[in-house]
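Asker: Protein chains in written order, with our numbering: chain A, 1 to 397; chain B, 1001 to 1318.
By construction, these hints were calculated from the structure, which means they are not laboratory data.
Built from N, CA and C at the ideal position, the CB exists for glycine as well.
A hint or two may mislead.
As the list claims (entries may be wrong) - Below, in silico cross-link-like pairs of lysine-lysine (DSSO-like), each with a Cα-Cα straight-line distance of 27 Å or less: (1) B:K1114 with A:K12; (2) A:K105 with B:K1226; (3) A:K131 with B:K1309; (4) A:K116 with A:K105; (5) B:K1226 with A:K131; (6) A:K335 with A:K281.
What the hints assert, rightly or not - Listed next, the stretches of chain B that the computed footprint assigns to chain A, with coverage defined by at least 3 CB atoms under 8 Å from CB atoms of chain A: (7) 1211–1217; (8) 1226–1237.
Here's the letter readout for the chains.
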Amino acid sequence: MADIALESVTRKFPDGTLAVNELNLEIAEGEFVVLVGPSGSGKSTALRMIAGLEEITSGTVKIAGKVVNDLPPRDRDIAMVFQNYALYPHMSVADNMGFALKLRKVPKEDIAKRVKDAAELLGIEDYLQRKPRQLSGGQRQRVAMGRAIVREPAAFLMDEPLSNLDAKLRVQMRTEIAGLHQRLGTTTVYVTHDQVEAVTMADRVAVLRDGMLQQVDTPQRLYDYPVNLFVAGFIGSPAMNMVPARVTSKDSGAVVVFGSHEIKIPAKRLQASKLEEFKDKEVILGIRPEDFEDPDLIPERQEENLLEVKVSLSETLGSETIIYFDVDAPAVLTKDTMDLSSDASVEEAAASEPRNESTFTARLNPKTKARGGEAARLAVDASRLYFFDPTTGRVIG
Amino acid sequence: MSRSQEAAIGRPTDVAVPRVGFGRWFRKHKLEVALVIPLVAYVMVLTVVPILDTFRISLSGRAGNSFPSAQNYTSIFASRVFRTAIKNTIIVSLLSLSMELVLGMIVALTLHAKFFARGFVRTVALIPLGVPTIVSGAIMLLLFSRSGYLNSLMFVFVDLVNNIPGVNLEFQALSWTVAGGWRTLFTVAVADMWKVLPIVTLIFLAGLQSISEDVYEAASVDGATKWQRFMRITLPLLVPFITMAIILRAIDAFRIYELALVLAGRIEPVLGTYIGGRYLPPTNDPFTAASASIVLFGIIMIFIVAYLKFVAGRSRSA
Ligand SMILES: Nc1ncnc2c1ncn2[C@@H]1O[C@H](COP(=O)(O)OP(=O)(O)O)[C@@H](O)[C@H]1O
Ligand SMILES: [Mg+2]
Chain A
1 MADIALESVT RKFPDGTLAV NELNLEIAEG EFVVLVGPSG SGKSTALRMI
51 AGLEEITSGT VKIAGKVVND LPPRDRDIAM VFQNYALYPH MSVADNMGFA
101 LKLRKVPKED IAKRVKDAAE LLGIEDYLQR KPRQLSGGQR QRVAMGRAIV
151 REPAAFLMDE PLSNLDAKLR VQMRTEIAGL HQRLGTTTVY VTHDQVEAVT
201 MADRVAVLRD GMLQQVDTPQ RLYDYPVNLF VAGFIGSPAM NMVPARVTSK
251 DSGAVVVFGS HEIKIPAKRL QASKLEEFKD KEVILGIRPE DFEDPDLIPE
301 RQEENLLEVK VSLSETLGSE TIIYFDVDAP AVLTKDTMDL SSDASVEEAA
351 ASEPRNESTF TARLNPKTKA RGGEAARLAV DASRLYFFDP TTGRVIG
Chain B
1001 MSRSQEAAIG RPTDVAVPRV GFGRWFRKHK LEVALVIPLV AYVMVLTVVP
1051 ILDTFRISLS GRAGNSFPSA QNYTSIFASR VFRTAIKNTI IVSLLSLSME
1101 LVLGMIVALT LHAKFFARGF VRTVALIPLG VPTIVSGAIM LLLFSRSGYL
1151 NSLMFVFVDL VNNIPGVNLE FQALSWTVAG GWRTLFTVAV ADMWKVLPIV
1201 TLIFLAGLQS ISEDVYEAAS VDGATKWQRF MRITLPLLVP FITMAIILRA
1251 IDAFRIYELA LVLAGRIEPV LGTYIGGRYL PPTNDPFTAA SASIVLFGII
1301 MIFIVAYLKF VAGRSRSA
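Make a model of the complete structure from these sequences and hints.
Answerer: Okay, here's the thing in structure tokens:
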């Protein structure tokens, strides 16, 4: 086991692509750190530089305190799990798992024992004599994990190991990998584009975008205190609602106004932040879907900060109800929000005539009576509003 | 054939025929039968029938010989030239085959690496394929003649070695192709190798490209050196391609004809030139030519079956 440190690590490809830009990241011994970000954000490149599979343009990578920049992968004592598993097609499962030990001339009986132990841990002891092509996707995934575990390396590196599995198996393996980490306690760097995977598995999550580190923190702190619009929109599902808004004084306090809606900002929130400086200027308001609630279903009655909306669609999930409603304010179309959307619709919207309407999502108690096509009243938890500077995208706090 | 393939092929006939009778089966599969007939006709008319006919001729003889008779076979096996031809064919085939495989692998590995103008170099490497066999034979004559490149090279080499004190090598310029013995056979093998190296290289290149890059990456993370990656990943995964190259090339190598004719002439016979010599004027003997052809056919079949059984089969189950 070992700690890993990346210091100003940069990778510039010969074609000029700056895949990873001045990445600083310290991974403590035994920690499970997830690199998350949209596709193309440089996660794999960063991981491959730790593994020694990608050249480091500048900066240093240290494993167990030792600079490994010039060491080949085999001298770094790390094991890697690849997205497509990269099993050796001509070897049996047992040979796949024992390959690294065989190269290191570990005695045959020891290899057999370690392979057997790992296979039991992963529940693949019945397939040891099979070839990879005779296995299902989930079984191959386990073999790839087994190949890493058998080696007892200083660290595990995993590049989207679950992305080729179906949704159900993905959730199951997520739990299993987290369980394995708890048992083995091996330092792990895990790459995924799926923020749910990231926050459910990680001790700490590092959010990457365009090769640049946005924020590293525990999943909860990332959710509660995102540093910018990008992280705020990326972490959390359904995603945070964002809308251009204006903070103004009203009566003795301050309110934030967007479209025809108005929310009173608690005095404490105003004093504790730089929000004062943004008075009468445009800000971007962020509200998490779970900070809306049906006012009839909250313990203490709420008299203010009730939004009158028309529900366009409701989805009943049993444990919660998700409703969608339109707000008469334009959608936020900055680079941050465009980077977040995986489809082209946002860019299309940006290119066309700006519409004075954006869709909000709210997560409500399933007992709510709000239904698609009907009007509803929604209570907002004003203590949990997020404000962002529209020019920099940084949080105002 | 795997069990599932057998089942897939076997089922329609096994199950359908006995119960519904041939007429109904035929009506049901009219289209399939119609589509298969040209291929069957092609194979019958151009492959099976000529082979069977050659076999028939090999057992016949000029008027008076009773059919079937093994007399043609006894007479060719009694001939010293024929036995030399068999020995020479095997030597040339194995020599050219092993040179092709080794060189083809080296060239394929080189062309597989990324380098400047790789596409251009790959195209240039195909040139020998476009050269008619007779012409490549002529080119080889230039290489191996008394005033050819090989002799010049040998002189340079001998001069170099003679610089070492105490060494005093002599080298006489010779015409390799007419020298006879292993020298002549060597020139034939080299000529054959030069001509077909591109095919072998292309087969290996296709094989190399079928191996995904992340398998190598996994191996290097697992601790394999370059050499270990080649021996334990590349080579085993190339076995099907090597098998294909060997079978394709072995068949061709055993029936080598034009190159042997141009380079070795009558100095060192191979089966191909022996058969040609029997068949063509002045000998005009199709009967012994046919029996020698059947022997050649037999050698090729034995080689292929043995290879599939002992080499390809073992590595697949390993
Ligand atoms: N070999 C390469 N040559 C040039 N650009 C590359 C290469 N590999 C990756 N890139 C680019 O680097 C960026 C980051 O890639 P990658 O690390 O694979 O992203 P991620 O794993 O986050 O999806 C992308 O823009 C990608 O197109
Ligand atoms: Mg990736």
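Asker: Does each hint fit the structure? Answer for all of them.
Answerer: Do the hints match the structure? See the list:
Distance restraint check for K1114 of chain B and K12 of chain A: the Cα-Cα separation of roughly 19 Å lies within the 27 Å cut-off, and the hinted pair is therefore satisfied. Between K105 of chain A and K1226 of chain B the CA atoms are separated by roughly 17 Å; this keeps the pair inside 27 Å, and the hint holds. The hinted pair formed by K131 of chain A and K1309 of chain B meets the criterion: a straight-line CA distance of about 21 Å does not exceed 27 Å. Between K116 of chain A and K105 of chain A the alpha-carbon distance is near 18 Å, which keeps this suggested pair within the 27 Å criterion.
In summary, the hint linking K1226 of chain B to K131 of chain A is supported, as the alpha carbons are separated by about 24 Å, within the 27 Å threshold. For the hint pairing K335 of chain A with K281 of chain A, the CA-to-CA distance comes to about 20 Å; that is within 27 Å, so the pair holds. Counting residues of the region 1211–1217 of chain B whose beta-carbon sits less than 8 Å from any beta-carbon of chain A gives 4, enough to reach three: the coverage restraint holds. As drawn, the region 1226–1237 of chain B meets chain A at 5 residues by the rule of a beta-carbon pair under 8 Å; at three or more, the given contact holds.
Checked against the numbered hints given earlier, this structure breaks none of them.
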